[in-house]
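Student: What follows is the residue order along each chain.
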Amino acid sequence: MNAPREPGVQTPILDLATDFPILARPVHGRRLAYLDNGATTQKPAAVIEAEARFYRESNANIHRGVHWLSQHATELYDGARATVQRFLNAARADEIVFTRGTTEAINLVAQSWGRPRLAAGDEILLSTMEHHSNIVPWQLVCEQTGAVLKVIAVHDNGELDMAAFEGLLGERTRLLAITHVSNALGTVNPVAEMTRRAHAVGAVVLVDGAQAVAHQAVDVQAIGCDFYAFSGHKLYGPTGIGALYGRAELLRHMPPWQGGGDMIRTVAFDNTTFAPPPQRFEAGTPNIAGAIALAAAIDYVQGVGLGRIHAHEQALLDYGTRALQDIPGVRLVGTAQDKAGILSFLVDGIHPHDLGTILDAEGVAIRAGHHCAMPLMTRFGIPGTARASLGLYNGLADLDALVAAIHKAQALFGTRGGTAPGKGRAA
Amino acid sequence: MSDLQDSLRELYQEVIFDHNRNPRNYRPLPAASHHADGHNPLCGDQLTVYLQVEDGVVREASFVGHGCAISTASASLMTEAVKGKPVAEVEALFRDVHALLTEGREAADPARDFGKLEVLSGVKEFPARVKCATLAWHTLHNALVGEHETAHTE
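Chains as they are written, first to last, in this note's numbering: chain A, 3 to 429; chain B, 20 to 173.
No lab work stands behind these hints, which were simulated from the structure alone.
The reader is advised that the hints may include incorrect statements.
As the list claims (entries may be wrong) - Listed next, with one range per pair, are the computed distances between beta-carbon atoms:
| no. | chain 1 | residue 1 | chain 2 | residue 2 | range |
| --- | --- | --- | --- | --- | --- |
| 1 | B | PRO60 | A | ASP402 | 31 to 37 Å |
| 2 | B | ARG46 | A | PRO28 | 29 to 35 Å |
| 3 | A | LEU151 | B | ALA126 | 42 to 48 Å |
| 4 | A | HIS201 | B | HIS171 | 41 to 47 Å |
| 5 | A | PRO377 | B | ARG46 | 26 to 32 Å |
What the hints assert, rightly or not - Computed, partial: chain A to chain B, Cβ under 8 Å:
| no. | residue |
| --- | --- |
| 6 | PHE271 |
| 7 | THR274 |
| 8 | ALA338 |
| 9 | HIS353 |
| 10 | GLY371 |
| 11 | PRO385 |
| 12 | GLY386 |
| 13 | ALA413 |
| 14 | LEU414 |
Please read these numbers as outputs of a predicted model, since none were measured by experiment.
Here a beta-carbon is modelled for each residue, glycine too, at the ideal position from N, C-alpha and C.
Please model the entire structure based on the sequences and the hints provided.
Tutor: The following block contains the structure:
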């Protein structure tokens, strides 16, 4: 993620909080420092307005009405697909399938690509740092087909063990399912290089882009992957909408995974034929307003510029990393060379959940827990971490509030600068 | 100072910190007649509660595991509270503590003297943390009724 800064940008710190109405709302009488962007991002007024405007001015069902409003809604929906296509630099718009989010996109690939093709002994390669949504769909398809999971180990600093990856690649490897950016550690994985290596053994590659798309420009053709999944709500868009990119030649040969309206060509009781992609994978009335608002979110981030967003978040990450390392008793979990704006950490003597409660009372919203990455927490021998995750509207003040709140927690717990006082656990 | 900051101080009192730093009865009990595991997958809190019941009376109670300050202190206070009590009284205490933590003082037996356990009632103001305080108690209940499924609060 070393995107160049746009020319002419003097300071990388952006000042865009006023575009996000919710950030003006105090929490517990304090200014809100929203540092839970890895869970979901707040929405700019432009996105909220796009969704409301659709219902006020354009609402109708798509692909079926001859009336004007239906055609208008269809044009907006198809336009949203084209916006996602350009956003990911996909070759064709029909390579974009709208889904409820990353989770549904991965399940679609597991059930429609994986289930008919995988056989006993086939290997699915993934990593210790995957989110549960890039583990469990593969476990389900393994149960259905007899395929087996192979897991790439993670180094102590949160980087993938690339030697282990090379060692696991083989003639039984059918699929590599890898996260672009770790939600719990911030590690940015070398997905283009990994895709080349996986393709060399004939495997198909799915990249989980949930934590990547809001923080750096993504080009699926440059990565070379076969599938790329992301969620709208982590990209300043609404919940309940996301997209799957799939290479046309793969999508073309995949059967439907849900049946219903809009995904068929003709239906008869003795023979039903299916629509081509992407409609084949979009059974039922889709989240039309969500897709249109997602396109508005993409327009918003592209208007700011992903290069500028990346530079901004890297500057905040550097500032936050130094600030946390300066607090005695604080340990960062995940210190990869190439990191996105995620600060996962532990405070000596204070459980992440206690910390989360105390920080919340100070108006600082973070996530505490296993971050839906339990195997990764097991790998590090910890029940969970506290996680501050950055977005384009965060500023130095948010990180200063985080640091001040950690100091308060340490004062409350009497653990300033080290382990808790007392004799430890009584026997 | 907002109401929430007041509530925070009501919850995180010295007795909680004391029992978190130095949990009482923190050991396995080889002679246990009853035990059960508890798990809160949301927080990762995990504990095992051990009981030695003789003639219908809880003679010994202990626990091991890991969790946040609230869950550790709750387990520690619980082992102190149940030791020496008849099983029927322990079950009644479980019901009253559960009512205290989830619904408030008025939902529990008016005659009940919670003693030190009263401090746990502060979690009511923190809905996300109620499960932390109740985990040990659900696990205690499972141990007594011989329920071998892991107790879950999530």
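Student: Quick one: which hint numbers does this structure break? Sort them smallest to largest.
Tutor: 2, 6, 7, 8, 13
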